[in-house]
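Chains as they are written, first to last, in this note's numbering: chain A, 123 to 404; chain B, 1176 to 1444.
What the hints contain is simulated information worked out from the structure, not anything from laboratory work.
Heads up, a few of these hints could be off.
What the hints assert, rightly or not - Restraint-style ranges between C-beta atoms, simulated for each label pair: (1) Ser1376(B) with Ile381(A): 54 to 60 Å; (2) Asp244(A) with Arg1409(B): 17 to 23 Å; (3) Ile381(A) with Leu1384(B): 50 to 56 Å.
Claimed, not checked - Here are some of the chain B residues that sit facing chain A, going by a computed Cβ distance under 7 Å: (4) Phe1319; (5) Ile1341; (6) Leu1348; (7) Val1395; (8) Leu1397; (9) Ala1398; (10) Ala1401; (11) Gly1403.
Fair warning: this is a prediction, and the values are worked out from it, not measured in the lab.
All C-beta atoms, glycine included, are put in the ideal place defined by N, C-alpha and C.
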Amino acid sequence: MSELALEMNCVTHVYPDGYMALHDINLKITRGEKLAILGPNGAGKSTLLMIMNGLYKPSQGKVTVSGVPVNDENLSAVRRDVGLVFQDPDDQLFSPTLWEDVCFGPLNMGLPKEQVRERSIDALKAVGLEGHKEKPPHHLSAGEKKRAAIATVIAMHPKILLLDEPTANLDPRNRFELTNLLRNLHNNYHITLITATHDVNFVPEVAERIYVLNKGHVIAEGLPRQIFSSPKLMSEANLEPPIVARLFNALAEENDVQIGSIPLTVEEALHELRRKIFLRQM
Amino acid sequence: MLGSFLKTFQDILYNERFSTYGVLQQIDPRVKLFSIAALVLSAVAVRTITPLLIVLVTALVFCAASRIPLRFFFLRTTIFIPIFACMISLPLPFITPGVALANFEYGKLVVVITREGLYRATQFTLRVWVCVSLSVLLILTTRFSRLIGAMESFRFPRILVTMTAITYRFIFLFINEAYRMALARESRSIRKLGWRENVRSLANMIATLFIRAHERGERVYLAMMARGYTGTLRSLDNMKYVKSDWIFASISILISLAVLSVEYLHLGG
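Using the sequences and the accompanying hints, generate a full structural model.
Here it is, written out as structure tokens:
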């Protein structure tokens, strides 16, 4: 029986102006899972992440992190376990130098100074920014800022990492590096990864399971292959399948090609194509 | 027009720091903060020009010793002088009673420029310039984070230290934002805008910027809370005084005392 990392029961959130951002959300996330919350703009993804970290208190419903209910008494414990990377790194990096920003979280945890130093250096190394520690954040590029923001959170050694639209404003190279970074974090630290995004091409790279969120409702849950193979679901949520899947769907529709399972990433597509060529040559 | 102004402002602010090889750069930030404060206080306490000139010369000597190009330093320190100090001291020559230097008559209105007034205006502008120079010197030769550390170790109120640190961090962001807004506006203006239209769009821009700053502030605060912030900013730095720090502090205090004695013991005549 795998351990539950995070659970949400009947969570509803209404903003002070009466806007209902989330409606009756039920989620179960197991430890070490890679999960995506997929949804169009304005679906309520950010609100959901804020609630997971205890920044917002849901209007109704219950949130449990590692079996402990999120409430005012154990907020600091929750925030130690659940790290949140904001969409805009400029919201997250507020100190005069990158080093101070990375130390900020561990210092708040009340760790001894030696340990703070050690963790911060490790975090900067993990994101490849150890040479930039004395730089002020406004001298970093967009990609560096994103990685810096991630470093400030992983220095706290969270068990669960929440990322809000991590690919926003990244060029292809930085996006590729981000994918690798997240995979490494997951493999090396067995971190539970929760990515909220509308980037359908990114989702198969970093998620094994998906919740689809639309207008504050969870409208579907399943494996990426199940989710992306439902055209009705995709159009309902203002989304579309990853570009590789669209290509193979089009090929399959032409009928002369039989495809076992629609690939979602370039690697999968490559594998599928190689298999086809190999079979034909036999 | 607005765009180019913001760009200049941005350039000046971005040129934050000079190499680590000057004299002032080696001094402990706490000592620097204290010494510069002593000099500023002495400059504020005097009412004649001679002691002010002593402080100014001191600032320029420090500047040269810290390998800051004098031309840059001049530009950087004088840019705010004409705007603020001169504007404030402009009426002084006309309203201070004293020996008349010149009379202007416009019908029934008689305007008199007095010697005392001119002296006061010069003294005021000079004092502002000296104080600005000293603070700029401090900023240019000290990493901002260390300055914040110094404020902390002098037990400045927490809230003030935190606010200073955050203001410094986000001023660049907002200048950038204002600059982008100005560019976006300029890119859409086909004809030259009239004075009235310019003022109106500037007002809109300021309002928008204010709202954005407010929203940014909310998000920054949330991001800090997400990382366990409870109201106290903790620091990792341990600073130690060395011999050169004591020497620098003594020199600064001696100069401050000299300035005060020139003024109050009438040594300079």
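Report task. Mind listing which of the numbered hints don't hold for this structure, in increasing order? Result -> none
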